[in-house]
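Trainee: Protein chains in written order, with the working numbering: chain V, 1 to 345; chain P, 1 to 290; chain C, 1 to 601.
Just to be clear, a hint being listed does not mean it is correct.
[Said to hold, decoys possible] Using 27 Å as the maximum straight-line C-alpha spacing, the simulated DSS-like pairs for lysine-lysine come out as follows:
(1) C:K467 x P:K192
(2) V:K66 x P:K150
(3) C:K185 x C:K79
(4) C:K183 x V:K257
(5) C:K183 x C:K349
(6) C:K488 x P:K24
(7) P:K192 x C:K405
(8) C:K405 x C:K424
(9) C:K349 x C:K424
Hints were generated in silico from the structure; no laboratory data involved.
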Amino acid sequence: MSVDVAPVEHAFEEVAPPKGRHGAAAWVSWIARRLGLAVLTLWLVSILVFVATTALGDPVRAILGKDYNSDKARVAQLTAQLNLDESLVTRYFHWLGNFLTGDFGTSIANQQPVAGQIGDNVVNTLVLVAISAIVMIPVAFGIAMISTNYRRRRPDTVIQTILLMLAALPEFVVGILLVAIFSTTVFHWLPAVTISGPGQHPWNEPKTMILPVATLVLAVAPYVSRIVRANLLEVLDSDYVELARLKGIPERVVMRKHALLNAIVPGIQVIALQLAWLAGGVVLVEKVFNYPGVGNQLVDSVQNHDVPMVQALTLIIAGVYVVVNLVADLLSILLTPRARTAISS
Amino acid sequence: MSATADRATPAPTPAPAERSTFQKMLRQKRFVFGGIITLAVALFALFGPLFAPYGENEVVGPPYSSQGVFGTDYLGQDVLSRLMYGGTEVLIIALLATVLSTVFGTLIGVIAAYGGGWWDEVIMRLNDVLLSFPQILLALVVLTSIAQPKAWMLVVLVGLSNAPRTARIARGVALGLVSRDFVHAAEALGEKRSRVIVAEVLPNMNAPLLAEAGLRLTFSIGLVAAIGFLGITTDPSAANWGQMINENRLGLATQAWAVLAPVFVIALFTIGTNLTADGIAQVNQRGGDD
Amino acid sequence: MSTAAQEPTATRTTSGIAIEDLRIGLTARPGVDVVDDIDLVLRPGEVVGLVGESGSGKTTVGTALLGYTRAGAAIERGKILFEDKDVLGLPWQQVRQLRGEEIAYVPQDPASALNPAIRIGRQIVELMELRGLGTDESRLQGARDGLAEVGLPNDDEFLRRYSHQLSGGQVQRVALAMAFLPKPKVLVLDEPTTGLDVTTQGMVLQTMGELCRTHGVAALYVTHDLAVIANIADRVAVMYAGQIAELGDRDTIFQSPTHPYTRALLDSIPHLSQARALSGIPGRTPAPGARPSGCRFNDRCEYAIDECRAAVPELHDVTPGHSVRCIRAGEIGTWDISRGTVPDTDPDKKRDIILSLEDLGVFYGHKQVVFDVNFDLGRAEVVALVGESGSGKTTISRCVGGLHKEWTGTIAFEGNQLGHGSRKRSVDDRKRIQYIFQNPYLSLNPRLTIEQIVKRPMELFGIASGKAATERVVELLDQVALGPAVLKYQASRLSGGERQRVAIARALAAEPDVLVCDEITSALDVSVQGSIVALLESLRVSRGISMLFVTHNLALVRSIADRVQILNTGRVVESGPVVQVMESPQEEYTKRLLANSPRID
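The following block holds chain V by itself, in its conformation from the complex (with noise of 0.2 Å):
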């Protein structure tokens, strides 16, 4: 029996080379790679956009509707101002090649210039999202810490179940139910719907932004919060965490550099995830309200049948979702280092 265990020369191990010094060359490759990718994706929505919108049904028809048949020259005039006589492939590009120059064609409805129409929407629309998102962040955030602290007890269950339920609710009917409960039908407090004259900002009267953004809140929150309470649990059951408990390290410590830290990468992807989510719920949420938005203006447009208006209009949302992802990915690997590494080195 013997104790000795054969000496061995430290320098035997492989001692990794140094990494991340030489990593600028990297980065700009990666980021090239991604923005490629990003403006591919927009491509193939524009073509997807492109076609949905001109190719699957008959616009005309469904523009003039029981006008079709009698009205000849609305017909030829219509099908000239959509190029529907050229084929497919020309039209694509014929429309692409006006969009990225900033000609976003004509409004079928009104006769005028798409892109002057669009800009006060996208504003009014932004700064809905923003505003719900400042306000969705540190309520989510701070539901799930609450909930974390009372894992699978019974506050914590109550409040799992009670998102359960909110995250199920469509965000049009929590619109309707707030309209009901704080302007009509219980209390009189706010008002049900958003007014604001041409030329003025909703945000002028501060008191109509409320409902809008608490629906969107309600809408998103519940989400964001199950899954960050779903990672702190998983990192607070981590070796590395139990490791700092036996460390000796205090609770709170704990709490706040070594799980929040880790938790909160997944978390962000996830927001990213909802606010894009958000330019799609923001439609009904706008319609619900009558916000002067993108969203609104996209369901008139729709209903209008007013073709360069919806494809203008979904261009850009599914741009700012594309962008929004992109932010996202780039804030989730610049706060991962085992993700920043890999990349630099």
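Starting from the known structure of chain V, fit chains P and C onto it as the hints suggest.
Mentor: The following block gives chains P and C in isolation, referenced to the frame of chain V:
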């Protein structure tokens, strides 16, 4: 002291038989509670028309009056009757769309995961394009050039807008399975690719796919109702929960039930399906293989 | 409980730490214990090995020293006496104060136990910083000294790294340095070398031993590996089913083990110096709540009598400092370490080659990982492929098994070239070469019954179907020592060893001539490994099956293989009959592997 001695040992005493997944679900409060709500609303939607006190388009009094249980609507039709008629379409479209998205999404996801490499890259890239579209937007874009949608169009639209999401989940689950050795074992034996998918991979995906389908059903109901709420319908005069909200919105202050009744039914339905889905998901997470 | 109870009283005046009458139970199931009746003393400068198989409760005892239990368990009774204080009776602020500073912990899997988002330099000094011990400079200097002490670089660049930028051995030594920095008096090491290669393990063990002795630390080394214990510990406590079965000096435990469990455990362990006929322990380790009454080992013990089932035996001294929890300790004779020794295979035995590899090169994409490998396998012969992680041993076996396609050179089966990947092979080739995977928890489809799993190769290769196939399945299960009762079970109801038997039965169902075994015992407890090895040996003898046996365990090679290939970074370093290579190694690398492998003989 070798295999002979070892062979004399009694047969292993196995661990107690595991409860079946369904039995475990039945022990989940959320699953049971959600299931009961879902079932109740579904039965109400399916058999409502048989028991409705008035016809779907029967005018029974002045608009927005309080006649009847839930009063009358903007045309003076009985809200309760409309409610009982208005669920069938929502339910059937949402259900078929969920089936469509689950089948289609699973197929895409599993092929991407099992194919791997180039296949995976291309399929998932295209999937991402569809994912970069909020669901309601996809529906709206297509409906722009269609004058009056048919019910099957809504099924396809809602189904396809859900499919990429199911595909992503299915791919994730399948990726965890195709790298397991039992799949490699089947391949080393030379099993056909189709059999590997059908006999080895898919049976292990039942439970997560079921949970995902429950979630998709929740979103499908919301989406179908939302399309109605935006005033896009297969038949403008027919009763439809989503459309009822839209029709009667202006009367919210005077005859709230005309709006709130369909709102509550939709809310109840989605809460039911979501709780059920979460119950299934919980069983998956806790009661794994071991 | 004569001496066990007296010893702690004696140590109260000295330093060190003592566990007295510890019982830890499950919060959800009152009355069910995880560990019970634990008495153990750790003296300064002494390493006590706490050894046991999975489910024995050894880790639970280890963390209890820090007043910690995992969620779901709670300390129900007992004392942890440290410097006249009962750790379990202290308010939690004081317990936390003790942790790290006085009683430190080195985790099982440091790769997951170091925070991935904090640089290692900061993690090492974190505790001292929080407690305000020393200044910034002194702490930094302490971290540098500590890293130097464990043989790691200590420049700024190294301190700025994250844990994922270190190798397994480096991470483990960082964890050691971190634990030693506050100069603790007691150290709990929880299987700190699991998953490390032998050379790295040797290095870590050596560092640890030196540190404990020079700093006068009382260390508890928790592990399942008896060979490691034999090299590192001064005293050994053997745990079974939540109790200490035997406790004594290292030499006593290894030379005259007295508890039937200790003996059975030692019988199942291969030796480096001599081939052995290994044996397993029948049955399985009972889980908390399913343990038999009386002596907890009675249902698996070959010496059990009625009395053993009647009452729980006390841990009593047989000689001073050697205590055993067995009422028949004096009656069951002595034990000899050379029990079970068998002769090595004759190197000059005539061979009938069935499989040969020539100039094998293996690629992953453009990267070549295996170079110019040549060897062959005879009928009814076992060839072992041995190497550390990254040596390419598993990769070679996957090429033979048809699981990896990117290779060049020749793999000839009875003179015919095998296809690249199973889909390019003939049905006959696929049938006659069968692959058994490392982890039986992953290699059986959890949705299928055992019958379906074992039957499938017969159906696929047209060997049998229907009733005939079911009968064959029963036969095969009997051969791998599983009863017909398991036919309708799903794999989730079987233990790891039972699952691996099913995997072997599945391979046998194809009636193969060659079995490729990829580390098939490394996920199993040693007693289970012993019985699997015994099973393979009987199959080789009775069916004339040839085996390619991949492993990292040199001692196991000695007992199972006829010939061995030593691999290092994708190349064969040394090869030949086992007895030659292990008795008179020619290459530096082989010698180093042999020298670093822990041995109990």
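Trainee: Take the hints in turn and mark each one as holding or not.
Mentor: Checked hints:
This hinted pair checks out: K467 of chain C and K192 of chain P have alpha carbons roughly 24 Å apart, not beyond 27 Å. Between K66 of chain V and K150 of chain P the alpha-carbon distance is near 17 Å, which keeps this suggested pair within the 27 Å criterion. For the hint pairing K185 of chain C with K79 of chain C, the CA-to-CA distance comes to about 18 Å; that is within 27 Å, so the pair holds. Restraint check for K183 of chain C and K257 of chain V: satisfied, since their Cα atoms lie roughly 24 Å apart, inside the 27 Å limit.
At most 27 Å may separate the alpha-carbon atoms for a hinted pair to count; K183 of chain C and K349 of chain C exceed this at roughly 58 Å. With a CA separation close to 20 Å, the supplied pair K488 of chain C and K24 of chain P stays within the 27 Å bound. A C-alpha spacing of about 17 Å is found between K192 of chain P and K405 of chain C, which places the hinted pair at or below 27 Å, so the restraint holds. At roughly 9 Å between alpha-carbon atoms, K405 of chain C and K424 of chain C fall within 27 Å of each other, so this suggested pair holds.
For the suggested pair K349 of chain C and K424 of chain C, the alpha carbons sit about 35 Å apart, so the restraint of at most 27 Å is broken.
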